[in-house]
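Participant: Please arrange chain B on chain A, whose structure you already have, making use of the hints.
There are 2 protein chains.
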Amino acid sequence: MRDFQIYEIKQSVFENNDREADKLRTELKKEKTFLLNLMSSPGSGKTTTLLRTIDGLMGKHSMGIMEADIDSDVDAKTIAETGVRTIQLHTGGMCHLDAGMTRQGLEEMGTEGLDLVVLENVGNLVCPAEFDTGAVKNAMILSVPEGHDKPLKYPLMFSVCDALIINKIDVLPYFDFDMDKVIGFSRRRNPNIQIFPISAKTGEGVEAWCDWLSEQVSAWNG
Amino acid sequence: MRDFQIYEIKQSVFENNDREADKLRTELKKEKTFLLNLMSSPGSGKTTTLLRTIDGLMGKHSMGIMEADIDSDVDAKTIAETGVRTIQLHTGGMCHLDAGMTRQGLEEMGTEGLDLVVLENVGNLVCPAEFDTGAVKNAMILSVPEGHDKPLKYPLMFSVCDALIINKIDVLPYFDFDMDKVIGFSRRRNPNIQIFPISAKTGEGVEAWCDWLSEQVSAWNG
Numbered sequence: 767m768r769d770f771q772i773y774e775i776k777q778s779v780f781e782n783n784d785r786e787a788d789k790l791r792t793e794l795k796k797e798k799t800f801l802l803n804l805m806s807s808p809g810s811g812k813t814t815t816l817l818r819t820i821d822g823l824m825g826k827h828s829m830g831i832m833e834a835d836i837d838s839d840v841d842a843k844t845i846a847e848t849g850v851r852t853i854q855l856h857t858g859g860m861c862h863l864d865a866g867m868t869r870q871g872l873e874e875m876g877t878e879g880l881d882l883v884v885l886e887n888v889g890n891l892v893c894p895a896e897f898d899t900g901a902v903k904n905a906m907i908l909s910v911p912e913g914h915d916k917p918l919k920y921p922l923m924f925s926v927c928d929a930l931i932i933n934k935i936d937v938l939p940y941f942d943f944d945m946d947k948v949i950g951f952s953r954r955r956n957p958n959i960q961i962f963p964i965s966a967k968t969g970e971g972v973e974a975w976c977d978w979l980s981e982q983v984s985a986w987n988g
Numbered sequence: 767m768r769d770f771q772i773y774e775i776k777q778s779v780f781e782n783n784d785r786e787a788d789k790l791r792t793e794l795k796k797e798k799t800f801l802l803n804l805m806s807s808p809g810s811g812k813t814t815t816l817l818r819t820i821d822g823l824m825g826k827h828s829m830g831i832m833e834a835d836i837d838s839d840v841d842a843k844t845i846a847e848t849g850v851r852t853i854q855l856h857t858g859g860m861c862h863l864d865a866g867m868t869r870q871g872l873e874e875m876g877t878e879g880l881d882l883v884v885l886e887n888v889g890n891l892v893c894p895a896e897f898d899t900g901a902v903k904n905a906m907i908l909s910v911p912e913g914h915d916k917p918l919k920y921p922l923m924f925s926v927c928d929a930l931i932i933n934k935i936d937v938l939p940y941f942d943f944d945m946d947k948v949i950g951f952s953r954r955r956n957p958n959i960q961i962f963p964i965s966a967k968t969g970e971g972v973e974a975w976c977d978w979l980s981e982q983v984s985a986w987n988g
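Listed in order, the protein sequences are those of chains A and B. Numbers 767 to 988, taken from this note's numbering, label the letters of the first sequence in order. Numbers 767 to 988, taken from this note's numbering, label the letters of the second sequence in order.
So that you can see chain A by itself, here it is in the shape it has in the complex (with noise of 0.2 Å):
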């Protein structure tokens, strides 16, 4: 048996996105409930640096995950073992979630007794971006391995982030990533993004990026 629940969402009918998402942070913002839109490639270690922020915040939030994926609920089964509320969402092949299909989400879920959801969105540098999703931050996750070229490449991502999590930074030795380019080319597209190098895989530089995730849901919900 399963520990928690697949539902199909369905793309939303609002012809303006913007005004969607403003509706939905208006609401979360009475709810008392912070929403994070967490963004990556596939395979840059969404599923483990959450598994390492469930373990951080533990005790001071009550946290809620959303998985969203086009296929497959292997993530959702791992943070499902955690005990935290989970939802895996099935985008039906769409590429990105707007602020009508995280409602959906967050519906399903239910907030109630949360003050922590995060979004794990579908892993794509592109679309994403593009679409509010009524989420209070954004956040995106860059891997090592992906390069230090990324905030060229795919601009906009970098400019809708809040945080910008570099992980898998205990393989350093074994790629050409050049940190200092990186934050640099990030900071070009967004002078006020702040930056969390750390290894999901060994802990490291997760408390940083932890504390400041509590620092905003406290924030919030003030």
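No lab work stands behind these hints: they were computed from the structure. Backbone N, C-alpha and C fix where the C-beta goes; we use that ideal spot for every residue, glycine too. The reader is advised that the hints may include incorrect statements.
Counterexamples of contact, computed for chain A against chain B with all Cβ distances above 10 Å [what the hints assert, rightly or not]:
| # | residue |
| --- | --- |
| 1 | Gln777 |
| 2 | His827 |
| 3 | Asp837 |
| 4 | Ser838 |
| 5 | Glu878 |
| 6 | Asp881 |
| 7 | Glu896 |
| 8 | Leu922 |
| 9 | Ala929 |
| 10 | Val937 |
| 11 | Asn956 |
| 12 | Glu973 |
So the derived list for chain A, only partly shown, Cβ under 10 Å to chain B, looks like this [to be verified]:
| # | residue |
| --- | --- |
| 13 | Ser807 |
| 14 | Gly876 |
| 15 | Phe941 |
| 16 | Asp942 |
Facilitator: Chain B alone, transformed into the frame defined by chain A:
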């Protein structure tokens, strides 16, 4: 001065992309030009693999490369240094290329005298899988750091590809990547997929990939 042009392609107006793709393939057949559509996540090593492929096929085939990106020209610069005919296509934010956009690129670059053109598609495992570009064959790269579960999460991409290059095998010792599993998962989606484990960095395995590609080109143009 640049050795390549940057060309802004526009979303095409054709209602029936499949028909346009078939039409383009028929024309390429007549012109004896083989078009390969190369897809992957951001940062899986498409450009480095292309450099190895150019090196491996030099003297056997006359090649042209179309680099499609949302922004930047870092990859086209690298490719143009090899001396092969290169064009940078900017998609104006679009997350994929369709047959009409591919045709615009081919016309702008010019295919006279080329028997192999490679389209480096936008880094994205979702949207490019949904659009037939008119290519004769589709290939994708999955890199070891992305993990072996990707065929479960991005099934359409693995279904539409004739060849799967598994790149970055030089870093296998540092990742929990199960080669048998990824081969099994991929074959479940696509029993006929040709699989080539390589390291574009060290050159390991590249010869088998180049041999396969060369055979495809000769069969098409013969």
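Participant: Look at each hint and say if it fits the structure.
Facilitator: Hints versus structure:
Residue placement check: glutamine 777 of chain A keeps its beta carbon more than 10 Å from all beta carbons of chain B (closest about 14 Å). Consistency note on histidine 827 of chain A: stated as away from chain B, and its beta-carbon is indeed over 10 Å from all of that chain's, at 27 Å minimum. Residue-level check failed: aspartate 837 of chain A sits 5 Å from the nearest beta carbon of chain B, not beyond 10 Å. Separation of serine 838 of chain A from chain B is inadequate, the least Cβ-Cβ distance of about 4 Å not exceeding the 10 Å criterion.
Residue-level check passed: glutamate 878 of chain A sits 30 Å from the nearest beta carbon of chain B, beyond 10 Å. Its beta-carbon lying about 29 Å from the closest one in chain B, aspartate 881 of chain A satisfies the requirement of being farther than 10 Å from that chain. A beta-carbon of chain B comes within 10 Å of the beta-carbon of glutamate 896 of chain A; the shortest separation is about 7 Å. Its closest Cβ contact with chain B, about 7 Å, brings leucine 922 of chain A to no more than 10 Å, contrary to its assignment away from the interface.
Every CB of chain B lies more than 10 Å from the CB of alanine 929 of chain A, the least distance being 18 Å, so the non-interface label holds. Interface exclusion of valine 937 of chain A from chain B breaks down, the closest Cβ pair being 5 Å apart, not more than 10 Å. Interface exclusion of asparagine 956 of chain A from chain B stands, the closest Cβ pair being 14 Å apart, more than 10 Å. Residue placement check: glutamate 973 of chain A keeps its beta carbon more than 10 Å from all beta carbons of chain B (closest about 23 Å).
The interface hint given for serine 807 of chain A holds, since its Cβ lies 5 Å from the closest Cβ of chain B, which is under the 10 Å cut-off. Proximity of glycine 876 of chain A to chain B is violated relative to the hint, the smallest CB-CB distance being about 25 Å (cut-off 10 Å). A distance limit of 10 Å between C-beta atoms decides the matter here; for phenylalanine 941 of chain A the minimum to chain B is near 8 Å, and the interface restraint holds. A cut of 10 Å between beta carbons decides the hint on aspartate 942 of chain A: the least distance to chain B is about 9 Å, and the hint holds.
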